[in-house]
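A.B. asks: Sequence:
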Amino acid sequence: MTFKFVDISDLKIDKIKGGYCILSRRWSGDEILYSDVLSMGPDVQAKGGYGKFASACAMARKLGFDLLWVDSCCIDKTDHVELSEAINLMYRWYSQSAICIAYLQDITLPDQLRESGWFLRGWTLQELIAQKVVQFYGRA
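Under full-length UniProt numbering, think of the first position of the sequence shown as 1, with each following residue one higher.
Think of the hints as simulated: they come from the structure by calculation, not from any bench.
One thing to keep in mind: the hints can contain errors.
Result set (DSBU-like, lysine-lysine): computed pairs, CA atoms no more than 35 Å apart in a straight line [claimed, not checked]: (1) K132 to K12; (2) K132 to K77; (3) K62 to K12; (4) K132 to K4; (5) K62 to K15; (6) K4 to K47; (7) K15 to K132; (8) K62 to K47; (9) K47 to K132; (10) K15 to K4; (11) K77 to K47; (12) K77 to K15.
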């Protein structure tokens with residue numbers, strides 16, 4: 001399976017290998033998908049999940065990364081073979097990333113960290129323990 005990233009310099013899908021930042025977050029109803037990143041038109045920027053995507057790109061850039069991996073953006077979920085392979089490789093992708101940024105959409109202050117619903121989601125446990133460095137951030 002080819003490992004795809006979002007190149008944050010131009011918001012295009014790229015297959016370059018190298019150091020990358022990976023996003024962990026709770027899904028909401030209007031996530032930016034692989035097909036959205038391929039088109040990246042005004043309709044995509046109007047989606048509810050675009051702010052989360054844009055803030056993850058900004059955080060990755062701030063941390064010095066050109067590549068960001070976001071499951072909804074980098075996995076073509078219409079390709080059932082790719083999706084199945086991706087699910088089996090998820091732990092490896094998180095463990096091999098340089099840093100995991102965890103977006104906690106339901107908090108604004110650091111002392112609210114333990115109250116975030118992010119800690120109640122099953123997938124996030126894997127994402128938390130796979131990575132040596134996790135940087136949490138919430139809504140500004």
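A.B. asks: None of the hints should be skipped; say for each whether it holds.
C.D. replies: For each hint, the structure was consulted:
Taking the CA atoms of K132 and K12, the gap is about 27 Å. The hint holds against a cut of 35 Å. Under the criterion of a C-alpha separation no larger than 35 Å, the hint pairing K132 with K77 is consistent with the structure, at around 28 Å. With a C-alpha separation of about 18 Å, the suggested pair K62 and K12 falls inside the 35 Å cut-off, and the hint holds. At most 35 Å may separate the alpha-carbon atoms for a hinted pair to count; K132 and K4 meet this at roughly 22 Å.
About 21 Å separates the Cα atoms of K62 and K15, which keeps this hinted pair within 35 Å; it holds. For the suggested pair K4 and K47, the alpha carbons sit about 22 Å apart, so the restraint of at most 35 Å is met. Our distance criterion of 35 Å between C-alpha atoms is met by K15 and K132, whose separation comes to about 24 Å. Restraint check for K62 and K47: satisfied, since their Cα atoms lie roughly 24 Å apart, inside the 35 Å limit.
Distance hint between K47 and K132 is fulfilled; the C-alpha atoms sit about 32 Å from each other, no more than 35 Å. For the hint pairing K15 with K4, the CA-to-CA distance comes to about 5 Å; that is within 35 Å, so the pair holds. Annotation: proposed proximity of K77 to K47 holds, straight-line Cα distance about 18 Å (limit 35 Å). Taken as a hint, the K77 and K15 pair is honoured in the structure, with Cα atoms around 17 Å apart against an allowance of 35 Å.
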